[in-house]
Amino acid sequence: MLSDDLRGMWAIMLKDLRAYYLKPPNVSWGILFPFAFVLAFVIRDPGNLGGLVPGLLALTLLFGTSSMEAIVITFEQQTGALERLLLAPLRLPALLAGKLLGGMVFGLVTACVVLIVALAVFGASQVNWLLLILGMVLAAAAFSAMGALVSVSVKEVFEAQTLANIFRFPMMFLGGVFVPVTSLPLGLQVVARVLPLTYAVEVLRVATVGGERSVAIVGLVVLAAFASVFYGLASWVLARRVA
Amino acid sequence: MSAIETRGLTRYYDGLCAVDHLDFEVRRGEVFGFLGPNGAGKTTTIRMLTGLARPTSGEARVLGLDLAHDLPRIKRRIGVVPEASNLYDELTAFDNLVFSMQLYGVPRSERKPRAAELLERFRLAEKRDAPFARLSRGMKRALTVAAALAHRPEILFLDEPTTGLDVASARGLRQTIAGLRDQGVTVFLTTHYLEEAERLCDRIALLVRGQIVALDTVDGLKAQVQSAMAVEVTLENGSGGSETRRVVGEDVAASVRTALAQAEEDGWRVLAVNTIRPTLEDAFVQLTGLGAEIMRAEKGGKGL
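Top to bottom, those sequences are chains A and B. Residue numbers for the first sequence, in the working numbering: 1 to 243. Residue numbers for the second sequence, in the working numbering: 1001 to 1304.
Keep in mind that a hint or two might mislead.
Below are the SDA-like pairs computed for lysine to any residue, each with C-alpha atoms no more than 20 angstroms apart in a straight line [stated by the list, open to error]: (1) Lys155/A / Leu1052/B; (2) Lys1112/B / Trp10/A; (3) Lys23/A / Leu1052/B; (4) Lys23/A / Asp1089/B; (5) Lys1112/B / Arg18/A; (6) Lys1222/B / Pro1153/B; (7) Lys23/A / Phe75/A.
On the chain A side, residues computed to face chain B include the following (Cβ under 7 angstroms) [unchecked claim]: (8) Gly8; (9) Ala11; (10) Leu86; (11) Ala124; (12) Pro170.
FYI, nobody ran anything at the bench for these hints, they're computed from the structure. We put the CB at the ideal spot given by N, CA and C, even for glycine.
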């Protein structure tokens, strides 16, 4: 049974990458959109370019993973293609994990493009590679799982897109990407503390420019928790919908 | 060992009973048909037997395995062709078959040769590199059947396999289904088409409102209404239109009187009156209490 699940996850991941993710509009959206946003802030405050790199990485992961993830399952339910996966000899959590892996791989690849550019400009002397890799992978997992939860919770693709944006765009401004969380009003700081993007930015900041290691460790644990909770909820919702 | 056995299989949707305590058995190697109108519970039954829906109560065994506890093992050994041809639009015909085999654990070395073989068998070799979205309806259906057979299942479930297909595609698909019996594959199919059921199925279950009202071979079903004869009257109206009506009953004289009275009431002139042996359609009407026009109206007629 485990071999069926692993094989199925791998097949679903590759199929999704080929069918959905590796299309020019997705690639350009995943890379250019975060760059465009960061550029807007750099133009306003050119001296802060280096400080924006962790946020840029986190944003790329957020949009790279969740943009398609939020609609793929809904789309396949509408077309009936999801049934092919439900008929296959693999368990529902494995099916969902395969879906998540597709989004994660795509998000990580687009983030690596951004990372390479950033390293070329700023150098790699301060980078904590282990922390960076762990942070990127767990952030990708959390964002992909969030996208999947959105996708299984609605019936129409446009609903999935709307719901995903309701979460993502406020997260962008409250998650410490452009302004430090501590500079936000107290109420918004509380909100920021329940957003996965906040912890992704903190981990990636410590990994790329330095900072308190404890902040990074807390961030990793919270990102893992977000990924687990979103994945668990998505599995539960999907199981109820298909029964 | 039977291919499929059910005991009291039941499914409710929001208080509505879609499948009502089904007890039936499908033998290994036979082509078994569920025949009935929309809403009879045919698709719901297939969904339960293939793990897409959970029974509200009752039990089923597929290939000797318990549906409630051994579903993943069952899924490895069955193939399913749903009513909608639901392969992946973005993948080519070839890639769809390979993906299907990946999901079912067909060894890597066998996937490409098997995909090529299936494309040849279903006359899709020329469309090997065409995206699924660009295939015709008949080709999509053929490829969906091919994908369900790719991992060599022991049972093939087909839900309304020829609905919406043109004559040639439907005929080709029926030939394929008939050929599966020769290969020892058990086929469970649902259909609206009386002629399709009559032509393909070893045994047929007539399903109405979630219940099996009759289950037998085609000849057995006809024999249940053997004592009845069908009276067929050909009519014309004053403006050149014509139609044929049938009345089935045990008393031929009474059936003739009924048919003539109806024609006179409707203002039709009788051109001819014939008595004929009951067909499967007559058996269906007699055994289910439904009019044959219900079956015709739902899916565009008697088939192709």
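Right, here's what the structure says about each hint:
no., hint, verdict
1, Lys155/A / Leu1052/B, "holds, 18 angstroms"
2, Lys1112/B / Trp10/A, "holds, 18 angstroms"
3, Lys23/A / Leu1052/B, "violated, 31 angstroms"
4, Lys23/A / Asp1089/B, "holds, 14 angstroms"
5, Lys1112/B / Arg18/A, "holds, 18 angstroms"
6, Lys1222/B / Pro1153/B, "violated, 32 angstroms"
7, Lys23/A / Phe75/A, "holds, 16 angstroms"
8, Gly8, "holds, 6 angstroms"
9, Ala11, "holds, 4 angstroms"
10, Leu86, "holds, 6 angstroms"
11, Ala124, "violated, 38 angstroms"
12, Pro170, "violated, 32 angstroms"
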